[in-house]
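Colleague: Chains A and B, in that order, are what the protein sequence lines are. Numbered per the working numbering, the first sequence finishes at 436, counting up by one with no gaps. Numbered per the working numbering, the second sequence finishes at 436, counting up by one with no gaps.
If you're looking for bench data, these hints aren't it; they were derived computationally from the structure. There may be inaccurate statements among the hints.
Given that identical chains are not distinguished, each listed pair holds provided it fits within a single copy or across any two copies.
No more than 25 angstroms apart at the CA atoms, straight line, and that leaves these computed lysine to any residue pairs for SDA-like [unchecked claim]:
id	residue 1	residue 2
1	K94	H230
2	K421	S13
3	K60	K94
4	K199	S155
5	K24	Q388
6	K122	E36
7	K29	G197
8	K384	D35
9	K192	R338
10	K293	Q82
11	K386	Y32
2 protein chains.
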Amino acid sequence: LLSQTRSERTCPSCKVFFSHDPIKIVRAKGQYMYDENGVRYLDCINNVAHVGHSHPMVVKAGAEQMELLNTNSRFLHDNLVQYAQRLQATLPEKLSVCYFVNSGSEANDLALRLAWEYTGHKDVITLDNAYHGHVSSLINISPYKFHQLANAEQSKSVHVALSPDLYRGNYRQDHPDPATAYADDVNNLIQKAHEKGHKVAAFIAESLQSCGGQVIPPAGYFQKVAQHVHRAGGLFIADEVQVGFGRVGTHFWAFQLQGEDFVPDIVTMGKPIGNGHPMSCVVTTREVAEAFKNSGMEYFNTFGGNPVSCAIGLAVLDVIEKEDLQGNALRVGGYLTRLLEQQKEKHPLVGDIRGRGLFVGAELVRDRVKLTPATAEAQDIIYKLKEQHILLSADGPHRNVLKFKPPMCFSEEDADMVVEKIDQILTGTLNAPLSL
Amino acid sequence: LLSQTRSERTCPSCKVFFSHDPIKIVRAKGQYMYDENGVRYLDCINNVAHVGHSHPMVVKAGAEQMELLNTNSRFLHDNLVQYAQRLQATLPEKLSVCYFVNSGSEANDLALRLAWEYTGHKDVITLDNAYHGHVSSLINISPYKFHQLANAEQSKSVHVALSPDLYRGNYRQDHPDPATAYADDVNNLIQKAHEKGHKVAAFIAESLQSCGGQVIPPAGYFQKVAQHVHRAGGLFIADEVQVGFGRVGTHFWAFQLQGEDFVPDIVTMGKPIGNGHPMSCVVTTREVAEAFKNSGMEYFNTFGGNPVSCAIGLAVLDVIEKEDLQGNALRVGGYLTRLLEQQKEKHPLVGDIRGRGLFVGAELVRDRVKLTPATAEAQDIIYKLKEQHILLSADGPHRNVLKFKPPMCFSEEDADMVVEKIDQILTGTLNAPLSL
């Protein structure tokens with residue numbers, strides 16, 4: 001009944017998980033979610049609940065600030081400035097100006113506005129299978145979305161570069177220098193744009209592609225792309241909405257995996273930033289910020305940077321530090337990856353394991369040479385895991401990549417549990433679903 | 001120091017109130033804000049704190065739900081469905097499908113996407129001086145913003161209609177039928193678009209123009225516009241981001257001021273909806289929602305419709321009802337308007353008083369015939385009121401309209417206080433600023 005009323009009263013384009021038999025979750029704590037019957041689910045997918053669902057320090061920070069004051073940034077407030085300073089301390093020095101907004105979509109749209117204004121150029125280069133948000137400007141640069149449309153008409157100012165996918169892409173593990181090869185593709189797009197009299201404002205990419213299939217670009221790729229894009233007068237936008245805030249384990253930001261010598265011109269943040277509270281951020285250089293200001297157009301965001309959002313953002317940073325969640329991502333993510341690698345040894349269906357920290361993908365294929373996507377099999381695993389009270393999802397252009405991005409308090413025991421169940425499903429030895 | 005660090009570390013395009021001497025607010029309650037020295041300010045401007053700053057019922061609802069669960073709408077949850085039902089109960093029956101998003105900007109952008117998809121058309125008609133949000137698609141339809149740019153290049157698919165302003169516009173109080181005259185202007189734009197082979201997807205307008213200068217369109221105007229737009233195959237989008245939720249006193253939605261026979265195709269909501277919590281909503285008809293769904297593109301909004309936002313939205317609706325804030329807006333708004341009308345009788349500078357409920361504008365002019373905008377005088381009043389610990393702002397294309405949009409718990413005593421101070425400023429009898 002709830003499901004039916006929902007589909008009558010709210011967005012019919014919005015899908016629920018497990019649409020054949022959706023779950024009603026009523027509470028959650030850490031890496032666990034509980035349905036209305038008290039059944040506990042292990043959550044392997046909610047990267048938004050970054051420091052764990054309903055973390056008491058985050059809840060307390062939000063509640064206390066709500067009680068005191070929640071207003072817009074037209075007044076001075078310590079939280080705004082403190083939070084900007086704390087975020088900047090995690091970033092290379094030249095990324096020194098923060099814009100606070102409400103969602104990853106608002107952040108990426110503002111990043112485009114900054115790039116357009118700074119460069120005076122219009123064109124944008126995006127990666128194949130990319131998803132950067134739901135507002136209209138971002139649908140235009142999200143092949144993951146516009147490929148869904150029958151009558152998709154790609155904007156003439158958007159250019160789609162090859163996804164730097166070493167498993168299924170044009171240049172693979174066996175290529176002598178895939179970083180250069182993929183970057184050259186971007187350069188070719190720039191040259192083609194120039195031939196048509198177009199100019200490139202920005203290259204935008206997730207530091208690791210998420211919806212695109214948990215793709216890890218080869219190290220050095222971003223540096224080479226940035227060289228090409230800068231030479232064309234454009235900016236490099238690193239979208240950290242899915243992958244930032246310590247998830248990759250070795251670094252706080254996923255773009256840092258490319259090497260110390262790489263610094264984007266603009267970084268966008270979102271999902272995990274407020275552990276579920278609607279907030280996000282764009283960070284850029286003084287030069288870009290000044291150019292945007294000098295356009296003469298004021299920027300105002302009603303909710304962005306309000307004292308409650310900033311208090312929550314600060315609490316999230318505190319918890320990451322205090323509970324060493326980046327370290328946990330490194331340790332448990334490594335452990336999970338090793339367990340999955342063993343599955344790859346054991347089951348031919350598991351074609352590729354790739355990940356950094358607690359951002360891990362397992363790509364399923366019917367044939368390890370042809371790489372035929374095992375889409376139905378991935379869906380089957382997801383549904384069987386759900387019956388075992390484990391929440392996992394499949395994504396990527398073929399929806400055949402099992403996608404791990406759990407809350408950062410995920411433990412080795414959790415990793416053991418989910419991989420054991422996957423093993424049983426693949427072996428065909430899984431017992432009947434637990435009864436409730 | 002705080003002000004300086006802020007301007008170094010955060011968005012230099014973001015302006016603070018009273019930039020010569022900004023205020024640091026540390027707490028707020030009801031219609032009052034308090035600075036770091038405990039000085040109390042009467043808040044005449046923060047329409048976002050709709051039911052009063054830090055309302056305990058809203059804070060409690062948010063805190064309790066944060067403690068339990070805050071996750072995305074891919075899981076079923078009662079709050080989402082209950083909130084959709086409660087909002088729909090305030091609207092005409094045909095507005096039956098809700099999309100929950102995070103800001104007025106996200107709401108208006110989604111409204112455009114719905115209109116584009118439903119109609120298959122591209123062009124948008126907007127009002128002069130309109131502001132609909134900060135994402136790139138909305139800057140395009142916001143003359144209030146794009147007029148700020150030196151090198152503004154208006155999109156060929158955006159058409160700017162006359163603002164239906166009966167005081168300063170093309171057709172005024174003395175016109176026999178301004179509703180028809182202003183609607184005919186929209187129709188002319190439609191015809192001109194057709195001549196160029198363009199087709200109109202939507203007409204968008206705030207139900208009462210806010211940044212545009214607190215403009216109250218003549219009753220019947222929307223009906224006539226809707227006829228023209230529907231004939232052209234387009235939709236009518238009513239932007240209630242600033243003016244909805246009972247502010248106009250006689251009705252819950254400002255578009256209802258036009259008459260019982262007017263129903264927009266899409267309504268967007270924002271600012272007051274969550275009393276400061278980042279959330280917003282788009283409501284439309286089943287037909288429009290189905291067309292959007294049938295495009296084949298899924299819609300997902302990470303934070304939109306999460307259980308915390310919905311709990312807060314429900315609490316705001318409860319408080320409006322329980323404390324009869326719509327009734328209060330009617331009573332106190334009427335009282336404030338009468339007091340301001342007396343100021344108009346007394347001071348030639350006060351050219352026009354216009355308002356509905358607690359949405360009131362006082363337009364200042366140096367000459368009542370030429371309507372020369374008294375911009376500097378408006379700024380002077382604002383700064384002098386600030387010294388008296390009253391927060392008011394001036395807006396409109398000439399920044400000469402004093403703009404009242406206080407929290408809805410504003411009282412007659414508050415109205416007395418602000419108007420008395422304005423009277424003293426205009427009379428020149430104001431005492432020296434209160435010392436702290």
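Colleague: Does each hint fit the structure? Answer for all of them.
Modeller: Hints, one by one, checked against the model:
For a Cα distance limit of 25 angstroms, the shortest separation of K94 from H230 inside one copy, 16 angstroms, qualifies, whereas the shortest one across copies, 51 angstroms, does not. In this assembly of identical chains, the alpha carbons of K421 and S13 never lie at most 25 angstroms apart, being 32 angstroms within a copy and 52 angstroms across copies at closest. For the homomeric pair K60 and K94, neither the shortest alpha-carbon distance inside one copy (33 angstroms) nor that between copies (41 angstroms) is at most 25 angstroms. Taking the closest pair of Cα atoms, K199 and S155 come within 25 angstroms of each other both inside a single copy (14 angstroms) and across two copies (19 angstroms).
For a Cα distance limit of 25 angstroms, the shortest separation of K24 from Q388 inside one copy, 16 angstroms, qualifies, whereas the shortest one across copies, 53 angstroms, does not. Taking the shortest alpha-carbon separations for K122 and E36, neither the intra-copy value of 50 angstroms nor the inter-copy value of 45 angstroms comes in at or below 25 angstroms. In this homomeric assembly, K29 and G197 never come within 25 angstroms of each other (Cα to Cα): the closest approach is 54 angstroms inside a single copy and 57 angstroms across copies. Only within a single protomer do K384 and D35 lie at most 25 angstroms apart by alpha-carbon distance; the minimum there is 17 angstroms, versus 57 angstroms between protomers.
Within a single copy, K192 and R338 get their C-alpha atoms no closer than 43 angstroms, and across copies no closer than 65 angstroms, so neither meets the 25 angstroms cut-off. In this assembly of identical chains, K293 and Q82 lie within 25 angstroms of each other by CA distance solely inside one copy; the values are 22 angstroms within and 43 angstroms between copies. In this assembly of identical chains, K386 and Y32 lie within 25 angstroms of each other by CA distance solely inside one copy; the values are 13 angstroms within and 50 angstroms between copies.
Of the numbered hints stated above, those contradicted by the structure are hints 2, 3, 6, 7 and 9, listed in ascending order.
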